[in-house]
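For the record, the sequence lines run as chains V and B.
Quick note on full-length UniProt numbering: the first sequence kicks off at 1 and runs consecutively.
Quick note on full-length UniProt numbering: the second sequence kicks off at 1 and runs consecutively.
Among the clues, some could well be false.
Cβ-to-Cβ under 8 Å is the rule here; a few derived chain V residues that face chain B [said to hold, decoys possible]:
id	residue
1	Phe57
2	Ser60
3	Thr140
4	Ser141
5	Ala145
6	Pro250
7	Glu251
8	Ala253
9	Thr325
10	Val328
11	Leu337
12	Asn344
13	Gly347
14	Ala349
Which chain V residues face chain B? A few, computed with CB under 10 Å, are given here [claimed, not checked]:
id	residue
15	Leu39
16	Ile44
17	Ala139
18	Ser159
19	Phe242
20	Ser249
21	Thr346
In short, the hints are calculated from the structure, not lab data.
Ideal Cβ positions, reconstructed from N, Cα and C, are used throughout, including at glycine.
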Amino acid sequence: MLRTLWYSDRLRSLVAQVALLGGLVGLLFWLGNNTASNLAERGIRTGLDFLSRPARFPISESVIRYDPSDSFLWAFAVGIGNTLWLSFLTIVLATLGGLLLALARLSGHPLLTRLGRSYVTLFRNIPLIVQLLFFYGIATSVFPAPRDALNPVPGVFLSLRGVYAPALEIAPGGGLFLVLCGLSLVGVALALRSRHLRGRHMPRALRLVLGVAGWAGFCVALWAAMERPIGLDLPELTGLNFRGGTYLSPEFAAVLIGLVLYTSAFTGEIIRGGIEAIARGQWEAGRALGLSERHIMFRIILPQALRVIVPPMTSQYLSTVKNTTLAVAVGYPELGLIVNTVTNQTGQALESILIMLAVFLTISLSVSALMNLYNARIALVER
Amino acid sequence: MKTKMKILTALAMPAMLLAGTAQAQSGGTLAAVKERGRMVCGASQGTPGFGAPDDNGYWRGLDVETCRAVAVAVLGDMDAVDFVPLSGQQRIPALQTGEVDMLPRTMTWTLQRDANGINFTTPNYYEYTGFMMPKSLGISEVEGMTGATVCVQTGSTTELVVNDVSTKHDLDLSPVVFDNTSAARQAFFSGRCDALITDAGALASVRASMADNPDDYIIFPATPYADALTPAVRQGDDQWMDIVTWSIQALIAAENFGITQANVDEMLESDDPRIRRFLGTDPGNGAALGLSEDFAYQIVKALGNYGEVFERNVGMDSPLKLERGYNALYSDGGVMFPLAFQ
Chain V
1 MLRTLWYSDR LRSLVAQVAL LGGLVGLLFW LGNNTASNLA ERGIRTGLDF LSRPARFPIS
61 ESVIRYDPSD SFLWAFAVGI GNTLWLSFLT IVLATLGGLL LALARLSGHP LLTRLGRSYV
121 TLFRNIPLIV QLLFFYGIAT SVFPAPRDAL NPVPGVFLSL RGVYAPALEI APGGGLFLVL
181 CGLSLVGVAL ALRSRHLRGR HMPRALRLVL GVAGWAGFCV ALWAAMERPI GLDLPELTGL
241 NFRGGTYLSP EFAAVLIGLV LYTSAFTGEI IRGGIEAIAR GQWEAGRALG LSERHIMFRI
301 ILPQALRVIV PPMTSQYLST VKNTTLAVAV GYPELGLIVN TVTNQTGQAL ESILIMLAVF
361 LTISLSVSAL MNLYNARIAL VER
Chain B
1 MKTKMKILTA LAMPAMLLAG TAQAQSGGTL AAVKERGRMV CGASQGTPGF GAPDDNGYWR
61 GLDVETCRAV AVAVLGDMDA VDFVPLSGQQ RIPALQTGEV DMLPRTMTWT LQRDANGINF
121 TTPNYYEYTG FMMPKSLGIS EVEGMTGATV CVQTGSTTEL VVNDVSTKHD LDLSPVVFDN
181 TSAARQAFFS GRCDALITDA GALASVRASM ADNPDDYIIF PATPYADALT PAVRQGDDQW
241 MDIVTWSIQA LIAAENFGIT QANVDEMLES DDPRIRRFLG TDPGNGAALG LSEDFAYQIV
301 KALGNYGEVF ERNVGMDSPL KLERGYNALY SDGGVMFPLA FQ
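Could you build the full structure based on these sequences and the hints that come with them?
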């Protein structure tokens, strides 16, 4: 009996796994215990009760509203908001940029191909942080001081403080106006596509112009009838700085431009690789059927290429989310900068870093899960 | 250099996890330093006057010499020191994890820091938080700063001051917060911000070392309150704390006794019992601290008294040209107060 057990493969592997798991748990327990006693010995306060205390430190800009009297917990939320916003914009823009870059490199046009290749070489081989500092240096040195701000279009000001542009000011009823205006646009679009109208002998361009003009007229009339529910809030120079309007800070601009240009070089190569992985025969078959190059690319090649593109693209998106932490170098308050500040103000480094770890893990796992879902949908279904 | 510092912070975490509880460093810093033969001090990332390497890579500054004073007392050699540049945010973990033995780095003595794992010794510089602005803006007091953009660096108490000042005077200041000292300064000089906020002494240092024409900039107080910049040590090592405290005090006491680097040898002959005890001619003080009896003599012999250290690094003999102000002896109207060496 014992002999059989001794030679049982299943039992052996079970014992090995239990031992490994036990060892791992033991190690973690030892680390945790050791840390706790070290912290206690050095008189370092631990625990999460600091999260509810007022943060008191300023955050330069945020997607979510923030006031220094808010709690540390809220400050973390503000940092997460900024990180997500930056990651989202970068991923969307870098994917589009990458697509354009890949198409340029595959176009067969000598100038476009070479430009594309030089772009990839240049941006992929310079460390991201150097690029960020470079763009920040540009953003804070080429523009004039606020007093002498460039004013290319009325209401838009370019200066060292960033870009100030008019903002939409939505009065009560503004929401209703936007909804009505949007619905009428949908209506016009539907009408333009309907068989009934198409049947008439009217040139396509003329129909389009008439439709848009009609829609615009309706909206303006509605705007006047509703007593101007939407206005423009123009920025104005008061004292040392502009007030009002929307605002793009040099920090955000530098980080976004830097991240998008850098990431595009990678996504461009991933997309190009995916497209080139599709057998030449697919192109030839498309041409034999008389399809245009554009149709072959978007209807035949790209859908198949996606299967190759999506897995490496997922890794690229994950890197991009993590790369946003470099924004700390140019003073954009993403989560990393907030964590630094909180650590310094409270001295509770371990808790703050653990929060940052948890947040990035959650974001990365979510991105990864979404991409896997998408990958499953586009994967080749065998019937 | 940047990478090196990032690595340092990164190392602080695992160090906390792995360090054995019965670690020698948390107990006998004195023994550890003697065995190593060198002291390790946290230093700034470059604040001329307070702590920065000169053209030859030799560290100079008020904070640096405070550290050297301790090295003289413990090791008898003011050059037996290694300086580790730390950002405002790295400095406290670096001290707590044993990366540095002492932290003289323009750090304000605050209740939160004191209660949270470090011990402050004795102030080596009193200071107010100030704003620096270009004179061309025509503003010379906080009340005129409505709407100003302020460059701030993290890891300092000034972040909180910006908010307090803005709320108190209803100024609507917009802060731009940087992780790194030099980024904040460059942003200010490029015109990204109207003002730079930090300790007034550091502002004078920045103005002297980075401005094209220092006279184009004005420095004024941000609050009516002064702060005590104080070297700190780890908690839980009372002997080491005493040694650092009294080494700094030796500089101040020497000035009070009128002992200078030049006359310290003559002073050994003094009849004044206080001076005799101070210099170790009459023994007792050194043994009590676990140091040699003439540690104070050695400090003054190597570095001079507090006044000499001040003038050489930040005062009239330096590019910073700071007045003694608060940092004069109590007998001259300042708040530097020598404790009793007996």
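Evaluation of the provided hints:
no.: 1; hint: Phe57; result: 4 Å, holds
no.: 2; hint: Ser60; result: 5 Å, holds
no.: 3; hint: Thr140; result: 4 Å, holds
no.: 4; hint: Ser141; result: 6 Å, holds
no.: 5; hint: Ala145; result: 6 Å, holds
no.: 6; hint: Pro250; result: 7 Å, holds
no.: 7; hint: Glu251; result: 7 Å, holds
no.: 8; hint: Ala253; result: 12 Å, violated
no.: 9; hint: Thr325; result: 10 Å, violated
no.: 10; hint: Val328; result: 5 Å, holds
no.: 11; hint: Leu337; result: 6 Å, holds
no.: 12; hint: Asn344; result: 4 Å, holds
no.: 13; hint: Gly347; result: 4 Å, holds
no.: 14; hint: Ala349; result: 6 Å, holds
no.: 15; hint: Leu39; result: 7 Å, holds
no.: 16; hint: Ile44; result: 4 Å, holds
no.: 17; hint: Ala139; result: 8 Å, holds
no.: 18; hint: Ser159; result: 9 Å, holds
no.: 19; hint: Phe242; result: 9 Å, holds
no.: 20; hint: Ser249; result: 8 Å, holds
no.: 21; hint: Thr346; result: 8 Å, holds
The structure fails hints 8 and 9 (numbered hints given earlier, in ascending order).
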